[in-house]
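Enquirer: Residue-level listing of the chains:
2 protein chains.
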Amino acid sequence: MHTDRNAALELDRQDTLAHLRVSFVLREGLIYLDGNSLGPMQACVRERVHNCLEKEWGQDLIASWNSAGWFLLPQAIGGKIAPLIGAGTYDVVVTDSTSVNLFKVLASAITLRPDRKVIVSERSNFPTDLYIAEGIAEFAERGHTLRLIDSVDELDDAIGDDVAVVMLTHVNYRSGAVHDMKKVTENVHAAGALMVWDLAHSAGALPVDLAAADADFAIGCGYKYLNGGPGAPAFVYVAPRLQKVAVQPLSGWYGHKAPFAFESSYDGAQSIDRFLTGTPPILSLVALDAALDIWNEVSLEDIRSKSKALSTLFIKLVEERCGGFGLTLASPRDAEARGSQASFTHDNAFAIMQALIARDVIGDFRAPDILRFGFTPLYVRFVDVFDAVEHLHDILQSGAWKQEKFNVRGTVT
Amino acid sequence: MHTDRNAALELDRQDTLAHLRVSFVLREGLIYLDGNSLGPMQACVRERVHNCLEKEWGQDLIASWNSAGWFLLPQAIGGKIAPLIGAGTYDVVVTDSTSVNLFKVLASAITLRPDRKVIVSERSNFPTDLYIAEGIAEFAERGHTLRLIDSVDELDDAIGDDVAVVMLTHVNYRSGAVHDMKKVTENVHAAGALMVWDLAHSAGALPVDLAAADADFAIGCGYKYLNGGPGAPAFVYVAPRLQKVAVQPLSGWYGHKAPFAFESSYDGAQSIDRFLTGTPPILSLVALDAALDIWNEVSLEDIRSKSKALSTLFIKLVEERCGGFGLTLASPRDAEARGSQASFTHDNAFAIMQALIARDVIGDFRAPDILRFGFTPLYVRFVDVFDAVEHLHDILQSGAWKQEKFNVRGTVT
Numbered sequence: 039m040h041t042d043r044n045a046a047l048e049l050d051r052q053d054t055l056a057h058l059r060v061s062f063v064l065r066e067g068l069i070y071l072d073g074n075s076l077g078p079m080q081a082c083v084r085e086r087v088h089n090c091l092e093k094e095w096g097q098d099l100i101a102s103w104n105s106a107g108w109f110l111l112p113q114a115i116g117g118k119i120a121p122l123i124g125a126g127t128y129d130v131v132v133t134d135s136t137s138v139n140l141f142k143v144l145a146s147a148i149t150l151r152p153d154r155k156v157i158v159s160e161r162s163n164f165p166t167d168l169y170i171a172e173g174i175a176e177f178a179e180r181g182h183t184l185r186l187i188d189s190v191d192e193l194d195d196a197i198g199d200d201v202a203v204v205m206l207t208h209v210n211y212r213s214g215a216v217h218d219m220k221k222v223t224e225n226v227h228a229a230g231a232l233m234v235w236d237l238a239h240s241a242g243a244l245p246v247d248l249a250a251a252d253a254d255f256a257i258g259c260g261y262k263y264l265n266g267g268p269g270a271p272a273f274v275y276v277a278p279r280l281q282k283v284a285v286q287p288l289s290g291w292y293g294h295k296a297p298f299a300f301e302s303s304y305d306g307a308q309s310i311d312r313f314l315t316g317t318p319p320i321l322s323l324v325a326l327d328a329a330l331d332i333w334n335e336v337s338l339e340d341i342r343s344k345s346k347a348l349s350t351l352f353i354k355l356v357e358e359r360c361g362g363f364g365l366t367l368a369s370p371r372d373a374e375a376r377g378s379q380a381s382f383t384h385d386n387a388f389a390i391m392q393a394l395i396a397r398d399v400i401g402d403f404r405a406p407d408i409l410r411f412g413f414t415p416l417y418v419r420f421v422d423v424f425d426a427v428e429h430l431h432d433i434l435q436s437g438a439w440k441q442e443k444f445n446v447r448g449t450v451t
Numbered sequence: 039m040h041t042d043r044n045a046a047l048e049l050d051r052q053d054t055l056a057h058l059r060v061s062f063v064l065r066e067g068l069i070y071l072d073g074n075s076l077g078p079m080q081a082c083v084r085e086r087v088h089n090c091l092e093k094e095w096g097q098d099l100i101a102s103w104n105s106a107g108w109f110l111l112p113q114a115i116g117g118k119i120a121p122l123i124g125a126g127t128y129d130v131v132v133t134d135s136t137s138v139n140l141f142k143v144l145a146s147a148i149t150l151r152p153d154r155k156v157i158v159s160e161r162s163n164f165p166t167d168l169y170i171a172e173g174i175a176e177f178a179e180r181g182h183t184l185r186l187i188d189s190v191d192e193l194d195d196a197i198g199d200d201v202a203v204v205m206l207t208h209v210n211y212r213s214g215a216v217h218d219m220k221k222v223t224e225n226v227h228a229a230g231a232l233m234v235w236d237l238a239h240s241a242g243a244l245p246v247d248l249a250a251a252d253a254d255f256a257i258g259c260g261y262k263y264l265n266g267g268p269g270a271p272a273f274v275y276v277a278p279r280l281q282k283v284a285v286q287p288l289s290g291w292y293g294h295k296a297p298f299a300f301e302s303s304y305d306g307a308q309s310i311d312r313f314l315t316g317t318p319p320i321l322s323l324v325a326l327d328a329a330l331d332i333w334n335e336v337s338l339e340d341i342r343s344k345s346k347a348l349s350t351l352f353i354k355l356v357e358e359r360c361g362g363f364g365l366t367l368a369s370p371r372d373a374e375a376r377g378s379q380a381s382f383t384h385d386n387a388f389a390i391m392q393a394l395i396a397r398d399v400i401g402d403f404r405a406p407d408i409l410r411f412g413f414t415p416l417y418v419r420f421v422d423v424f425d426a427v428e429h430l431h432d433i434l435q436s437g438a439w440k441q442e443k444f445n446v447r448g449t450v451t
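Residue numbers (the numbering used here), protein chains in the order written: chain A, 39 to 451; chain B, 39 to 451.
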């Protein structure tokens, strides 16, 4: 059945999550399909940061480390993220960047499997994950190598008894393909290895159950589907059964058992706190803290259901309206196998995305040829999907993307 | 000569830096002698963060990585810190925490001296520095040990040809004692080792000249004398002569030669950028960025001159007014040998500091028995010093600190 604009508007009228959009600051006319890169600001975040500046820092100064709860923000925010990823309240902390947290858990994993010298990952993993694994292998100087597979189908062959740890991103950043967390983790454990999940494109995008999957470690970022603001600090999860034995080399004072005893020798906390390192950036932390409150009002099942409906509608409309213009679906067609995004390849993906952005339809380009569109059910409407595809159709039909201004590459993010 | 309150007020009238105080948000009646722990907010910082929220994140969203210069903030802010520490504009970046940056430079140093297995530091160094060194030594598994000296006088004996790196904090966090950076660095180099300076209590407190001292690496924090806000990101310096050879294991995408090429293999920038790891926390970065503009208006020589005058006056008044109450100077008496603070020991230091804080005289307590007072010439007045000592005298004279409420220890920072 053909979907026209009125049908899209009708879907919005029936949407039980539609009321959440007003929580976000989104300018008139903007169609924002890039929440998988940087989630937008909520009004409550602005207020929280303002209060942190005026009251906590401005008036109370150093006392706020206690009185405003700054010191325990890493644990408090971790506790808010925990239910989104199937973790216990005290099994997650927020601190540092995703890359730094990945370093900690990978270092921890190889230390727990000293006789195994291989780290397995996917070639299509987010590059920084592979770079960090390289950095670890090189620095550890214990003969570790990185074994890259082209697809998770090769995993069974890749995990012999030489593998210490398998590191995968749950939802691929380009295609949006979702791994079967439970099954993969089982296979990895059966081979005697440990499992690290990168949840950068999962947390807040779809239900995740780390406990049910018996995952060993997980990390993920705060600025995509969690809307914590640009460069928001990242989270780190360690399975409760590992928290007393897992050590990590970034052993700073914040992870000490008694950080204010100022002992000259490190005695790490026997808990997730051991994965804390230095003083965290409070302004960025309070923004993330406030951004997470919206999750008290929504179920991840409703989020997932609307997410699948949005991306499915998008794919259907693109194929109906933009067929014959050289676009190829780069995401799984099966909504169950897809995260909260839809990607298409095109030889001129960069210029087409620039032309969309000029019309205030914001997705992003990922080298070499991917147009990536994220669908965040907290604020994206079905009519946004409809309008975005109409803009895409106009740009392709008119050849507007061929203008020189859309083909100039700067420092792209 | 006796200094009375009028004499202190006269010193303020003659102070050529006095006009800078209005840049800071300081509530009426507050005597803030804890800028060495958390510098106060400037009005321009509030405005900059507000603009980042409303315009950059709120309106321009992902585009701000380019249009607002977010992506290059680590380098831009590093360039502002550079002249405060005697570094070249392109030799400093701001990112991560002090502890994480210390990990990077120590790892880099031991990699550059593969045949030497000892890391030397002072037992009285800030604990996190020692903890990070322990973490490195343990993880590297190359037989590294940490050799702690009780005083820098023992340094010559401690640095044999087995020492890879010496790591010292330029200004001691408890006593405020200052190391002779040039002389120590020369001795360390003569022994074939590398030198890492922690400038946490130096940057913005007194002139530092890393280039003249030929230092190899330096790190330091943004939230003390640089007033960047709670947990502001830290800086890292690498000598230009080392930037092409120094590698570090936290090899995230932000330090890649071409971060947006999304290559699957790490190829680090041949510059200070290699010491960047993951996406930095932008709200915290813009606060620090704005906080640093004040340094365009002042010379470090004037800062140092007022700093010495403030702490010298404080010590003189404490000894005049509070003699016989059990206070002992824990800082060097020679102002040249002292950073921008003055510390006294007392058996009841904790309770006395609580009683001072209750009177809005904010210093801090450092275990086990130190009362620490920081003097930040940008906003501390001579009359603040006078009034602080009068409060201290009243508390000691009256025994007010003995009240139970001042003796209850919570989570102290």
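It cannot be assumed that every hint is accurate.
Output of the computed footprint for chain B on chain A, the stretches with three or more beta carbons under 8 angstroms from beta carbons of chain B [to be verified]:
1. 95-104
2. 298-311
Here are the simulated EDC-like pairs of lysine to aspartate or glutamate, each with C-alpha atoms no more than 16 angstroms apart in a straight line [to be verified]:
3. B:K220 - B:D191
4. A:K118 - A:D331
5. A:K221 - A:E179
6. A:K354 - A:D425
7. A:K220 - A:E179
8. B:K155 - B:E172
9. B:K155 - A:E179
10. B:K93 - A:E66
11. A:K93 - B:E66
12. A:K155 - B:D191
13. A:K346 - A:D372
14. B:K220 - B:D252
These are computed hints drawn from the structure, not numbers from a lab. Where a beta carbon is used, it is the ideal one built from N, C-alpha and C, also for glycine.
Enquirer: It remains to establish, for every hint, whether it holds in the given structure.
Expert: Results of checking the hints against the structure:
{"no.": "1", "hint": "95-104", "verdict": "holds (count 9)"}
{"no.": "2", "hint": "298-311", "verdict": "holds (count 7)"}
{"no.": "3", "hint": "B:K220 - B:D191", "verdict": "holds (15 angstroms)"}
{"no.": "4", "hint": "A:K118 - A:D331", "verdict": "holds (8 angstroms)"}
{"no.": "5", "hint": "A:K221 - A:E179", "verdict": "violated (32 angstroms)"}
{"no.": "6", "hint": "A:K354 - A:D425", "verdict": "holds (13 angstroms)"}
{"no.": "7", "hint": "A:K220 - A:E179", "verdict": "violated (32 angstroms)"}
{"no.": "8", "hint": "B:K155 - B:E172", "verdict": "holds (13 angstroms)"}
{"no.": "9", "hint": "B:K155 - A:E179", "verdict": "holds (14 angstroms)"}
{"no.": "10", "hint": "B:K93 - A:E66", "verdict": "holds (14 angstroms)"}
{"no.": "11", "hint": "A:K93 - B:E66", "verdict": "holds (14 angstroms)"}
{"no.": "12", "hint": "A:K155 - B:D191", "verdict": "violated (44 angstroms)"}
{"no.": "13", "hint": "A:K346 - A:D372", "verdict": "holds (9 angstroms)"}
{"no.": "14", "hint": "B:K220 - B:D252", "verdict": "holds (7 angstroms)"}
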